[in-house]
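Dock chains B and C against chain A, hints included.
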Amino acid sequence: MAVDPRFFASTGQQTLADILLAAGGQSAGDPARRFTGVASLQAAGPDEVSFLDNRKYLPALAATKAGAVVLAPALAGQVPEGTVAIVAVTPYLAFARVATLFHPAPAPVPGVHPTAVVAGDAVVGEGCEIGPCAVIGAGARIGRGCIIGAHAVVGPGVELGDGCRLHPQCSISHAVAGRGVVLHPGARIGQEGFGFAPTPEGGFETMPQLGRVLLGDFCEIGANSCVDRGSQGDTVIGPGSRLDNLVQVGHNVRTGRGCIIVGLAGISGSTVLGDYVQVAAQAGIAGHLEIGSGARIGGQAGVMNDVPAKTDVIGSPAWPVREFWRAIARLRKMGAAPGSKDEGKAG
Amino acid sequence: MAVDPRFFASTGQQTLADILLAAGGQSAGDPARRFTGVASLQAAGPDEVSFLDNRKYLPALAATKAGAVVLAPALAGQVPEGTVAIVAVTPYLAFARVATLFHPAPAPVPGVHPTAVVAGDAVVGEGCEIGPCAVIGAGARIGRGCIIGAHAVVGPGVELGDGCRLHPQCSISHAVAGRGVVLHPGARIGQEGFGFAPTPEGGFETMPQLGRVLLGDFCEIGANSCVDRGSQGDTVIGPGSRLDNLVQVGHNVRTGRGCIIVGLAGISGSTVLGDYVQVAAQAGIAGHLEIGSGARIGGQAGVMNDVPAKTDVIGSPAWPVREFWRAIARLRKMGAAPGSKDEGKAG
Amino acid sequence: MAVDPRFFASTGQQTLADILLAAGGQSAGDPARRFTGVASLQAAGPDEVSFLDNRKYLPALAATKAGAVVLAPALAGQVPEGTVAIVAVTPYLAFARVATLFHPAPAPVPGVHPTAVVAGDAVVGEGCEIGPCAVIGAGARIGRGCIIGAHAVVGPGVELGDGCRLHPQCSISHAVAGRGVVLHPGARIGQEGFGFAPTPEGGFETMPQLGRVLLGDFCEIGANSCVDRGSQGDTVIGPGSRLDNLVQVGHNVRTGRGCIIVGLAGISGSTVLGDYVQVAAQAGIAGHLEIGSGARIGGQAGVMNDVPAKTDVIGSPAWPVREFWRAIARLRKMGAAPGSKDEGKAG
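Chains as they are written, first to last, in the working numbering: chain A, 1 to 347; chain B, 1 to 347; chain C, 1 to 347.
The reader is advised that the hints may include incorrect statements.
Note: identical chains are not told apart, hence a pair may lie in one copy or across any two.
[As the list claims (entries may be wrong)] Under the rule of at most 20 Å between Cα atoms (straight-line distance), these lysine to aspartate or glutamate pairs were calculated in the EDC-like manner:
| id | residue 1 | residue 2 |
| --- | --- | --- |
| 1 | Lys56 | Glu290 |
| 2 | Lys333 | Asp312 |
| 3 | Lys56 | Asp306 |
| 4 | Lys310 | Glu201 |
| 5 | Lys310 | Asp275 |
| 6 | Lys333 | Glu81 |
| 7 | Lys65 | Asp47 |
| 8 | Lys310 | Asp30 |
| 9 | Lys65 | Glu81 |
| 10 | Lys56 | Asp312 |
For the record, the hints were derived by calculation from the structure and aren't laboratory data.
Just chain A, with the same shape it has in the complex (with noise of 0.2 Å):
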């Protein structure tokens, strides 16, 4: 049993064409043939659908007990007797989709938990699931279909396009999110920025932070990630991007779409990202900086400066990765042991 039925409804079986029909594959299998679920080539058995997105994984291919595979076009003379070949273009994306018919996402189960505590004001549309203990402030406007999880706060005003999933104990204030929005556990949206400004007396006093959080349609926030308000204007998250856990992005920041920030890295404020633009893990972006359009921007990376659209770079302060990687090359020279081979070799 590849899935653990405690916490995954399943929709029962499934047949081939449904398959096909929901993975966009081809096949030359049985379209009548039933299949129960999705695994992993090693956990798969002959009624479950795997895939294979990696040919560093062809040996677990040719040992597969699954009785289905989803794969590309090339790779599909390679699947072993009594296993079906579902072919598709991108077979990750058709995988994705197989997996999904199994198991969609839970539906909100519509209601008001008696625990929770929504304003007399706020406006909650058809269909909405509000959990144990949620909190809905004044003035709010939450679209139909939601999923507000235990313990979510919801701040005054805030407003929720249709479809959005608030996981447990995150909280929104200060923001206007669109469609299908997902905040995961412990996400923080909204909060007041880090701005204040030193005086005479040697104190610091707090700059109002009056701007808002705007979340474009489909953006998903990770667990435990922070997204300041702006101080005078908008933070954005552009429609579809997607941040990881422990992602700190500071206020005024605007991201473009279908950016992708890996966990534990930080965008400082009023930095400005293009579209799809790739923030690896535990990198960092300095303040009012622009990264164009399709750079990437490696793990643990340190950016002080602009990057160009479709740049990539990596190190601390960042610099191009194929420059990056060179100068490594010759700092590990540097550093073989005296009397190696390798030893002498940068001067």
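Same frame as chain A, now just chains B and C:
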């Protein structure tokens, strides 16, 4: 309209006279002229006040439609016709005060929400607002005029001074906080630090963490940041210090007055920071070190030794800023393409 | 007074005989002598027990007023007059046990707080304490003697062994935990990992994350740390492993027994750690790697390749510790001021 009224209350129109009083500034404008709010140079209209703190934005000043602009005396002459100059020696601070005049931080709405859980022997000062599902433990003492946000958890025995603000879903235990302390959403104060002893059998046993956290007057802890309590003795955050989001402070760390610790930085156990130390984003400081007053730790720096007062360090491992940049410049030459004019210069 | 009684209950006076029994130590002192608690060398008075584990603090030992000091046999002779030496082979562990004798972790106060929300079909073991506003989902099974803190959220179907402690505001879903597991405040266990497939239209579709998190006996997860559930198969934290605060563990990561992962470190998806691996603060490990048992990853290291067992690495990208330091030494010469005696030595 610069500020979304769903999220920010306004005190309404203010005269230039009142604005000058708040700003501690001077102006040749009509003291009776009325303004409606604040906005950026780009967004402000003739009824709004803006500010300029950075010569980089002089073109925006030239083009602004703002009714008034707060700025330094030397720049007063560059304000366009129709715009009133408000001159202040510290324009950023002056503008913070003007913005606060229009949009002060919300005052507590006194009362205890019916879903809050307040221990019978807890003492809650006059004028406090205790939000939905907030929990205040046995023997806790909350000062006057505090806001305890939705779902905030104040542990048994915790003491908070007057005017503290605990935002939603933060937790504080084993701690004594001064006046005006702010905890942002999800901040974690006073939990057990990371201390344990290996056993001969290959396990670990927890070292009881028997200290506290002391939060000085007016210090602020960012969203999802963590300050562990002392193992023996106390972890101390000095008065007026400000921690950004996702900062980690280990047990028995002590910071002086007015320290600034930026997002995703971490301070390991028992390290001591003097006054006005600045720790930039994603920097790390090892344990049992002394960082002198006024030292500045650069972004992503990895500090493994004491840092003298008023010293700037950067790099991982950290070293003085000037030397770091010289070495980086040489390293970059080492990364230049073979045959390029920079090649080989490192030797 | 070394320990604040508002925050820590005490078992009262203990005799030296009982202290020796707890410590597994030996002493020439009067077995009937009574002590009242523990404190640091600096703070302890004649009725208190302290310890020394680091020769760096020998001056503090010489000056201590402590009634007794736990320390290694070789140092027993250096205890000042009037202070009793308690000799133990592993003094840090011995002292942890003495401190626990005076201040054991609070036992659960059995009962379910009236504001807790416990599903009708959840099974809660004998002697559990369920705190204010805690939520326990349908079909969850909680072992005996657990503490489920205020606002903790235990998802549907989750299984916890005996003696677990969930501190306030943590969340756990899609997970099975062993005995004695500790989740610190704000820890996030079992949420959806970061997995999605790009679509031809430029969007992303979520790859259903159909695995679980398995937490081994006695493992501990720090405040605001995140452990994502597996995408297929499980994410596993081995028995006795300890994660500090703000740690990120991606889907399908597997750690062995007794691993230590320090604050702000991140482990990317599908990476496997052997037993007793140590990952220092702010280190990052890329995905799909193998880190051998006993390996130690230095602070801020960026691991991009497998690490053999019992190997120490550091740097970003990470390399063996000895070579790293040699290269750093040469790099530092490159950073020396022109004309200084270090200048030019790199070549």
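query: Are the CA atoms of lysine 310 and aspartate 275 at most 20 Å apart within a copy, between copies, both, or neither?
result: within (10 Å within a copy, 41 Å between copies)
TODO: Could you place lysine 333 and aspartate 312 in one of the four classes (within, between, both, neither) given a Cα distance threshold of 20 Å?
DONE: between (25 Å within a copy, 19 Å between copies)
- Query: Is it within, between, both, or neither for lysine 56 and aspartate 312, if the alpha carbons may be no more than 20 Å apart?
  - Reply: The answer is neither: 25 Å in one copy and 27 Å across copies each exceed 20 Å.
At most 20 Å between C-alpha atoms: does lysine 56 with aspartate 306 qualify within a copy, between copies, both, or neither? between (36 Å within a copy, 16 Å between copies)
**Asked** Checking lysine 310 and aspartate 30: alpha-carbon separation at most 20 Å within a copy, between copies, both or neither?
**Response** Neither, since 45 Å and 52 Å both go past 20 Å.
>> If the cut is 20 Å between Cα atoms, do lysine 310 and glutamate 201 qualify within a copy, between copies, both or neither?
In response: Classified as between; 19 Å across copies, 47 Å inside a copy.
Within, between, both or neither: lysine 65, glutamate 81 at alpha-carbon 20 Å: This pair counts as within: shortest intra-copy Cα distance 10 Å, inter-copy 74 Å.
Exercise. Is it within, between, both, or neither for lysine 65 and aspartate 47, if the alpha carbons may be no more than 20 Å apart?
Worked result: Answer is within; shortest intra-copy Cα gap is 9 Å, inter-copy 69 Å.
* Homomeric proximity label, lysine 56 with glutamate 290: Cα distance no greater than 20 Å -> For lysine 56 and glutamate 290, the Cα distance is within 20 Å only across copies (15 Å; inside one copy 37 Å).
Treating 20 Å as the Cα threshold, decide for lysine 333 and glutamate 81: within, between, both or neither. neither (50 Å within a copy, 56 Å between copies)
In the structure shown, a violation is registered for the earlier hints numbered 6, 8 and 10, in ascending order.
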